[in-house]
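Peer 1: The residues making up each chain are set out below.
Number of protein chains: 2
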Amino acid sequence: MIRQSDKGNLKKLGANIKKLREAKNLSLRELSYACDIDNSKISKIEKGQINITFTTILQLAKALEISPSELLMTEYD
Amino acid sequence: MIRQSDKGNLKKLGANIKKLREAKNLSLRELSYACDIDNSKISKIEKGQINITFTTILQLAKALEISPSELLMTEYD
DNA sequence: ATAATTGCGGTCTAATAAGACCGCAGTTGA
DNA sequence: TCAACTGCGGTCTTATTAGACCGCAATTAT
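Going down the list, the protein sequences come from chains D and A. One gets the numbering used here by counting positions in the first sequence from 1 and adding 17 to each. One gets the numbering used here by counting positions in the second sequence from 1 and adding 17 to each.
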């Protein structure tokens, strides 16, 4: 595993999440509270360090008040 | 883990993937070959039995020739 | 009939996400 | 000056995905 092209895609996803979080003026801890995901984990997600599951995507989307598909709205390789 | 509401969402995702696969007239093994995911795993995904990761979503979307966000184009709880 | 295809369930190992927690260094602002 | 907040990195355990493989029962050709 740990395909090389995946790393870039994970970073893109993370960057998108960070952008959306900042657009709502939320700190990591605030978003953490809103979606019940540890703030350090969100930090890792935004830096593309972990490969989150579908349900984690749903949690984040809900807290960011957007649709799950909007969360993935980016170009991937 | 294994939140109860997640089960329903996983089934919805699976149903959507199955619909998309059938729309392209692909068997499990054909899709399996196209995205390099074991056919038995795809079967489990379609039945909502596993919580796939982001990269698996990308693989499926690519093989189904749709965008990742389109793959999630459904309503979730 | 019979051979191939298909969906699906189960098995086993290794890798890793989930989840919870700690603490630091660098802002920010009272 | 000091307290609060912020991003972020690391740790530890447990649950689960990933990945590869086997085989059956039912369906679908040939």
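Don't read these hints as lab results, they were simulated from the structure. Since the structure is predicted, the reported quantities are computational estimates derived from the model, not experimental observations. It is possible that part of the hints are untrue.
[What the hints assert, rightly or not] Listed next, the stretches of chain D that the computed footprint assigns to chain A, with coverage defined by at least 3 CB atoms under 8 Å from CB atoms of chain A:
#1 40-48
#2 65-73
[Stated by the list, open to error] Reference listing, derived: stretches of chain A covered by chain D, where coverage requires no fewer than 3 residues with Cβ under 8 Å from a Cβ of chain D:
#3 19-26
#4 67-74
Ideal Cβ placement from N, Cα and C applies to all residues, glycine included.
Peer 1: Look at each hint and say if it fits the structure.
Peer 2: Hint-by-hint comparison with the structure:
1. 40-48: Contact hint for the segment 40-48 of chain D vs chain A: violated, 0 residues under 8 Å.
2. 65-73: holds (count 5)
3. 19-26: holds (count 3)
4. 67-74: It holds: at least three residues are needed, and the segment 67-74 of chain A offers 6 whose Cβ sits within less than 8 Å of chain D.
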